[in-house]
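**Student:** Sequence:
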Amino acid sequence: MNVRLKPVYSKLADPAIVEAFGLSSKLPIAGDGTQWRLSQHQVHTYQSLTDPSGPDVIFNTAMTGDGKSLAGQLPSLVNGWRRKLFAMYPTNELIRDQLKQARYTWQAWQLFPGIEALDSAALDRRMESMDFGQRGSALLSVFNNYDVLLTNPDIFHYIMQSFYVRAGKIGDAADKVFAPMVNAFQQFTFDEFHIF
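Residues 90 to 285 (our numbering) make up the sequence shown, in order.
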């Protein structure tokens, strides 16, 4: 039995469209002296994310390794701290991998925002080193001090379920952590979102 697979490629975006969105002048120069090129799906994702009347939820279904993470970062890369990014990855190892990639990408764009990787161990270290009495307080400091936060869905889920606030009569407001998170970040990205 023979199986023939057709080649797969990502269609590059039309340079005129890239220019129309004001992205051409912002694209970095690669090590070989050529300017970075965007794929069509990256420009389409950027368009959807930055259109005020656009969709609230966007699914980029490009193939693995095709630049979906960059597509999700484009609004922040173009607008910097005015477009703070909260990105979630399914594993802590992927968070660490994406942290390296994000630092490389942002440096290539000659941008130096605060980028932080956050899992439960990092949150605990932050509590100890900065003498926070609660994880919620440590999270608030992260929200206030970083432009790009890479974390896992567990942290997001615990925030949504108010696990980082004190309950009871002398407890915290239910939205003590949730409201500042929503106010601090303009974009929430589930990268490689897994459905079980």
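Because the hints were derived from the structure by calculation, they are not lab data.
Built from N, CA and C at the ideal position, the CB exists for glycine as well.
Please note that a few of the clues may not be correct.
Beta-carbon label-pair distances, calculated as ranges [stated by the list, open to error]:
{"hint": "1", "residue 1": "M152", "residue 2": "R185", "range": "21 to 27 Å"}
{"hint": "2", "residue 1": "S209", "residue 2": "I106", "range": "40 to 46 Å"}
{"hint": "3", "residue 1": "S113", "residue 2": "S142", "range": "23 to 29 Å"}
{"hint": "4", "residue 1": "V271", "residue 2": "K100", "range": "42 to 48 Å"}
Within a straight-line C-alpha distance of at most 35 Å, the following computed DSBU-like cross-link-like pairs (lysine-lysine) qualify [as the list claims (entries may be wrong)]:
{"hint": "5", "residue 1": "K258", "residue 2": "K189"}
{"hint": "6", "residue 1": "K115", "residue 2": "K95"}
{"hint": "7", "residue 1": "K95", "residue 2": "K189"}
{"hint": "8", "residue 1": "K157", "residue 2": "K258"}
{"hint": "9", "residue 1": "K100", "residue 2": "K115"}
{"hint": "10", "residue 1": "K100", "residue 2": "K189"}
{"hint": "11", "residue 1": "K100", "residue 2": "K157"}
{"hint": "12", "residue 1": "K189", "residue 2": "K157"}
{"hint": "13", "residue 1": "K157", "residue 2": "K115"}
{"hint": "14", "residue 1": "K157", "residue 2": "K265"}
{"hint": "15", "residue 1": "K157", "residue 2": "K95"}
**Student:** Each hint needs a verdict: does it hold in this structure or not?
**Tutor:** Results of checking the hints against the structure:
At roughly 23 Å, the beta-carbon separation of M152 and R185 lies within the given 21 to 27 Å, and the hint holds. As the Cβ distance of S209 to I106 is approximately 42 Å, the hint placing it in 40 to 46 Å holds. A beta carbon spacing of about 24 Å between S113 and S142 agrees with the range 23 to 29 Å that was offered as a hint. A C-beta distance of roughly 35 Å is found between V271 and K100, which places it outside the suggested range of 42 to 48 Å.
Distance check on the hinted pair: K258 and K189 sit about 44 Å apart at the alpha-carbon level, beyond 35 Å; violated. Between the alpha carbons of K115 and K95 the distance comes to roughly 34 Å, so the proposed pair stays at or under 35 Å and holds. A C-alpha spacing of about 32 Å is found between K95 and K189, which places the hinted pair at or below 35 Å, so the restraint holds. Between K157 and K258 the CA atoms are separated by roughly 45 Å; this puts the pair beyond 35 Å, and the hint is violated.
Distance hint between K100 and K115 is fulfilled; the C-alpha atoms sit about 20 Å from each other, no more than 35 Å. Restraint check for K100 and K189: satisfied, since their Cα atoms lie roughly 26 Å apart, inside the 35 Å limit. Between the alpha carbons of K100 and K157 the distance comes to roughly 13 Å, so the proposed pair stays at or under 35 Å and holds. Between the alpha carbons of K189 and K157 the distance comes to roughly 16 Å, so the proposed pair stays at or under 35 Å and holds.
With a C-alpha separation of about 18 Å, the suggested pair K157 and K115 falls inside the 35 Å cut-off, and the hint holds. At roughly 32 Å between alpha-carbon atoms, K157 and K265 fall within 35 Å of each other, so this suggested pair holds. Annotation: proposed proximity of K157 to K95 holds, straight-line Cα distance about 22 Å (limit 35 Å).
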